[in-house]
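Trainee: Protein sequence lines, in the order shown, are assigned to chains A and B. Quick note on UniProt numbering: the first sequence kicks off at 51 and runs consecutively. Quick note on UniProt numbering: the second sequence kicks off at 51 and runs consecutively.
Treat the hints with care, since some could be wrong.
Claimed, not checked - Heads up, simulated DSS-like pairs for lysine-lysine below, C-alpha to C-alpha not over 27 Å straight-line:
no., chain 1, residue 1, chain 2, residue 2
1, B, K88, B, K74
2, B, K74, A, K71
3, A, K71, A, K124
4, A, K124, A, K73
5, A, K156, A, K73
6, B, K88, A, K166
7, B, K71, A, K74
8, A, K124, B, K88
9, B, K73, B, K88
10, A, K71, A, K155
11, B, K170, B, K73
12, A, K170, B, K124
13, A, K74, B, K74
14, B, K124, B, K88
15, B, K73, B, K166
16, B, K73, A, K166
17, B, K88, A, K71
18, B, K71, B, K124
19, A, K170, A, K124
20, B, K74, B, K124
21, B, K166, A, K124
22, B, K124, A, K73
23, A, K88, B, K155
24, B, K124, A, K124
25, A, K166, B, K170
26, B, K166, B, K124
27, A, K166, B, K166
28, A, K74, A, K124
29, A, K71, A, K156
30, B, K73, A, K88
31, A, K155, B, K74
32, A, K73, B, K88
33, B, K170, A, K170
34, B, K124, A, K71
Hint data in this document are derived by calculation from the structure and do not stem from the laboratory. Keep in mind the model is a prediction, meaning the values are calculated, not measured.
These are the residues of each chain, in order.
There are 2 protein chains.
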Amino acid sequence: ARPRVGYFFTGKTGNELLADKLKKITVAEYQSIPIVIKENDSVYDAISTMFLEDVGTLFVIDEAALLTGVVSRKDLLRASLGNQDLASLPVNIIMTRMPNVAICKKDDYLLDAASKLIEKQIDGLPVVDQTPEGLQVVGRITKSNMTKALVELAGNRRR
Amino acid sequence: ARPRVGYFFTGKTGNELLADKLKKITVAEYQSIPIVIKENDSVYDAISTMFLEDVGTLFVIDEAALLTGVVSRKDLLRASLGNQDLASLPVNIIMTRMPNVAICKKDDYLLDAASKLIEKQIDGLPVVDQTPEGLQVVGRITKSNMTKALVELAGNRRR
Numbered sequence: 051a052r053p054r055v056g057y058f059f060t061g062k063t064g065n066e067l068l069a070d071k072l073k074k075i076t077v078a079e080y081q082s083i084p085i086v087i088k089e090n091d092s093v094y095d096a097i098s099t100m101f102l103e104d105v106g107t108l109f110v111i112d113e114a115a116l117l118t119g120v121v122s123r124k125d126l127l128r129a130s131l132g133n134q135d136l137a138s139l140p141v142n143i144i145m146t147r148m149p150n151v152a153i154c155k156k157d158d159y160l161l162d163a164a165s166k167l168i169e170k171q172i173d174g175l176p177v178v179d180q181t182p183e184g185l186q187v188v189g190r191i192t193k194s195n196m197t198k199a200l201v202e203l204a205g206n207r208r209r
Numbered sequence: 051a052r053p054r055v056g057y058f059f060t061g062k063t064g065n066e067l068l069a070d071k072l073k074k075i076t077v078a079e080y081q082s083i084p085i086v087i088k089e090n091d092s093v094y095d096a097i098s099t100m101f102l103e104d105v106g107t108l109f110v111i112d113e114a115a116l117l118t119g120v121v122s123r124k125d126l127l128r129a130s131l132g133n134q135d136l137a138s139l140p141v142n143i144i145m146t147r148m149p150n151v152a153i154c155k156k157d158d159y160l161l162d163a164a165s166k167l168i169e170k171q172i173d174g175l176p177v178v179d180q181t182p183e184g185l186q187v188v189g190r191i192t193k194s195n196m197t198k199a200l201v202e203l204a205g206n207r208r209r
């Protein structure tokens, strides 16, 4: 028999193999820890948290720890330009509110989350768990995670 | 002769093919148009430009149109918290200044640019052209471009 090493039959091109591998990656494999603040926290607190945690997106939760909104660096920059007292302005006034918040789940495909980021022109999505009470925030997936995924696909694992 | 359709010899696994394809992509294939401001423009002007152009990173140039610095959304948010008059504060006071600015060239590999974004924890890099006079800004490459690259690698071309 002729040696088969190095030969394989797939009916697919290299590009298709690439696509197949990529398409199977889930959000769970690349998600980061979510950074949350409470609805009644001030915009000033939100900005402080954003710098302290060095993230671009904060998730806003209510007293029951359920997702009610999202604030981005852009939202905070816009608010800081207004001549308001940031320490007495609650973050829920300036946040993007449910149901207008784009979300994803940990078992979603990474590519679907990436497409949402591009379409909605946002930097990050909350990874949520649907419970009878509402949405619990279990992670965050951002353009930084997508950039890491790209680098790791090339074989340079950095995690 | 036996049909060769669907067979190919590479001596490589699917993952290696993936890595090879990825490694050959250059910055030029994914770069966006750069948004620049002048050194003496105010921080207020910079924030306005950032919202108008909807970008996360602005490149700062001198009178000869050469790169002298970079300002991020984070830099502008930090500045806006200080109690200064943003309209009279020149952007070159708060920018990250050359030679501390991470840069790339259009023929660089996209993966090297992606690694720089991760290592330096920044959202975008200027794509520059080295001239005898200094660095001309010819493009911008960001985590958004990396996210698009990831989606397009899966075969969902959106450009």
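Trainee: Now tell me if each hint is right for this structure.
Mentor: A quick look at each hint next to the structure:
1. Among the hinted pairs, K88 of chain B with K74 of chain B is inconsistent with the structure: their alpha-carbon atoms are about 35 Å apart, more than 27 Å.
2. For the proposed pair K74 of chain B and K71 of chain A, the alpha carbon gap of about 18 Å is at most 27 Å, so the pair holds.
3. Distance restraint check for K71 of chain A and K124 of chain A: the Cα-Cα separation of roughly 34 Å exceeds the 27 Å cut-off, and the hinted pair is therefore not satisfied.
4. Distance check on the hinted pair: K124 of chain A and K73 of chain A sit about 31 Å apart at the alpha-carbon level, beyond 27 Å; violated.
5. Between K156 of chain A and K73 of chain A the CA atoms are separated by roughly 14 Å; this keeps the pair inside 27 Å, and the hint holds.
6. Taking the CA atoms of K88 of chain B and K166 of chain A, the gap is near 34 Å; set against the 27 Å cutoff, the hint is violated.
7. The hinted pair formed by K71 of chain B and K74 of chain A meets the criterion: a straight-line CA distance of about 18 Å does not exceed 27 Å.
8. Distance hint between K124 of chain A and K88 of chain B is fulfilled; the C-alpha atoms sit about 22 Å from each other, no more than 27 Å.
9. A threshold of 27 Å between alpha carbons decides the hint, and for K73 of chain B with K88 of chain B the separation of about 35 Å lies outside it, so the pair is violated.
10. Taken as a hint, the K71 of chain A and K155 of chain A pair is honoured in the structure, with Cα atoms around 20 Å apart against an allowance of 27 Å.
11. The hinted pair formed by K170 of chain B and K73 of chain B meets the criterion: a straight-line CA distance of about 20 Å does not exceed 27 Å.
12. Distance hint between K170 of chain A and K124 of chain B is fulfilled; the C-alpha atoms sit about 21 Å from each other, no more than 27 Å.
13. Distance check on the hinted pair: K74 of chain A and K74 of chain B sit about 23 Å apart at the alpha-carbon level, within 27 Å; holds.
14. Taking the CA atoms of K124 of chain B and K88 of chain B, the gap is about 19 Å. The hint holds against a cut of 27 Å.
15. Of the pairs offered as hints, the one joining K73 of chain B and K166 of chain B holds, with about 15 Å between alpha carbons and a cut-off of 27 Å not exceeded.
16. Only pairs whose Cα atoms come within 27 Å are accepted, and K73 of chain B paired with K166 of chain A is accepted, the gap being roughly 25 Å.
17. Taken as a hint, the K88 of chain B and K71 of chain A pair is broken in the structure, with Cα atoms around 45 Å apart against an allowance of 27 Å.
18. Distance check on the hinted pair: K71 of chain B and K124 of chain B sit about 34 Å apart at the alpha-carbon level, beyond 27 Å; violated.
19. About 14 Å separates the Cα atoms of K170 of chain A and K124 of chain A, which keeps this hinted pair within 27 Å; it holds.
20. Distance hint between K74 of chain B and K124 of chain B is unfulfilled; the C-alpha atoms sit about 32 Å from each other, more than 27 Å.
21. Between K166 of chain B and K124 of chain A the CA atoms are separated by roughly 23 Å; this keeps the pair inside 27 Å, and the hint holds.
22. For the hint pairing K124 of chain B with K73 of chain A, the CA-to-CA distance comes to about 33 Å; that exceeds 27 Å, so the pair is violated.
23. Taken as a hint, the K88 of chain A and K155 of chain B pair is broken in the structure, with Cα atoms around 43 Å apart against an allowance of 27 Å.
24. About 9 Å separates the Cα atoms of K124 of chain B and K124 of chain A, which keeps this hinted pair within 27 Å; it holds.
25. For the hint pairing K166 of chain A with K170 of chain B, the CA-to-CA distance comes to about 25 Å; that is within 27 Å, so the pair holds.
26. In summary, the hint linking K166 of chain B to K124 of chain B is supported, as the alpha carbons are separated by about 18 Å, within the 27 Å threshold.
27. As the CA atoms of K166 of chain A and K166 of chain B are separated by approximately 24 Å, the hinted pair is consistent with the 27 Å bound.
28. Taking the CA atoms of K74 of chain A and K124 of chain A, the gap is about 32 Å. The hint is violated against a cut of 27 Å.
29. Between the alpha carbons of K71 of chain A and K156 of chain A the distance comes to roughly 18 Å, so the proposed pair stays at or under 27 Å and holds.
30. Between K73 of chain B and K88 of chain A the alpha-carbon distance is near 43 Å, which puts this suggested pair outside the 27 Å criterion.
31. The suggested pairing of K155 of chain A with K74 of chain B is violated, with an alpha-carbon distance near 32 Å, which exceeds 27 Å.
32. With a C-alpha separation of about 43 Å, the suggested pairing of K73 of chain A with K88 of chain B is violated against the 27 Å cut-off.
33. Restraint check: the Cα-Cα separation between K170 of chain B and K170 of chain A comes to about 26 Å, which is no more than 27 Å; the hinted pair holds.
34. Annotation: proposed proximity of K124 of chain B to K71 of chain A is violated, straight-line Cα distance about 35 Å (limit 27 Å).
The earlier numbered hints that this structure contradicts are 1, 3, 4, 6, 9, 17, 18, 20, 22, 23, 28, 30, 31, 32, 34.
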